[in-house]
Amino acid sequence: MFASAGHVQAIGTRPERVRDAWGCLAAVGGFALLTALLARVALPVPGTAVPLTLQTVAVLLSGVALGGRLGGASQALYVVAGIAGLPVFAPVGAGVTVTGGYLVGFVAAAWVVGAVYRRLGRSLVALAAACVAGQTIIFILGAGWLCLLAGGNVDLAIRQGVWPFFLGDGLKVLVTVAAVRAARSSRAILDYARKAK
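Position 185 of the sequence shown, counted from 1, bears residue number 185 in this note's numbering, the numbering being contiguous throughout.
Just to be clear, a hint being listed does not mean it is correct.
Said to hold, decoys possible - Okay, the calculated beta carbon distance ranges per label pair:
hint, residue 1, residue 2, range
1, L43, G23, 33 to 43 Å
2, G47, R19, 44 to 54 Å
3, R118, I158, 37 to 47 Å
4, R19, G152, 44 to 54 Å
These are calculated hints, taken from the structure and not from any lab test.
Cβ atoms here follow ideal geometry from the backbone N, Cα and C, with glycine treated the same way.
Go ahead and model the full structure; you've got the sequences and the hints to work with.
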């Protein structure tokens with residue numbers, strides 16, 4: 001029995017699918033690792049058990065670079081690794097008990113950032129809107145969890161889970177937007193240089 005042309009073509013595409021699958025896994029693992037590394041940059045904040053970290057930069061970047069599905073998967077991998085006992089969470093603060101809402105927010109934010117960025121057309125405005133949306137989700141879920149722990153005290157949750165980080169996280173959004181824009185510019189310059197050769 002001879003294989004049809006379509007069957008041969010399908011077999012020929014399998015190595016490409018395998019390469020794509022390995023590439024996706026590497027990207028997801030890479031952003032999970034980046035989130036873990038940026039968790040090492042953690043500072044205690046007076047008046048709250050939640051530390052200030054650079055993790056949200058990795059969260060936002062994962063959504064922009066990988067899209068919603070894979071970006072969310074990278075953050076889910078990070079959270080699962082921490083729950084499994086790997087030392088990936090921030091070394092200061094009260095641990096997952098207090099920061100659980102933020103960790104769930106990482107997964108949701110990466111997904112939303114990727115979805116919004118692609119839906120709005122990948123412009124600079126779309127990038128900024130996506131990052132603001134992602135950061136807002138992290139705040140909502142983080143403060144929401146603190147509110148539950150505080151017996152429904154919304155004011156306390158906002159004072160401990162939002163206001164101390166508002167300016168810093170706003171700056172991290174700007175850093176993320178600037179980093180993506182710089183990466184785009186660098187790629188455009190390299191593409192132009194290749195074409196000029």
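Comparing the hints with the structure gives:
1. L43 <-> G23: 33 to 43 Å: 35 Å, holds
2. G47 <-> R19: 44 to 54 Å: 50 Å, holds
3. R118 <-> I158: 37 to 47 Å: At roughly 31 Å between Cβ atoms, I158 and R118 fall outside 37 to 47 Å, so the hint is violated.
4. R19 <-> G152: 44 to 54 Å: 51 Å, holds
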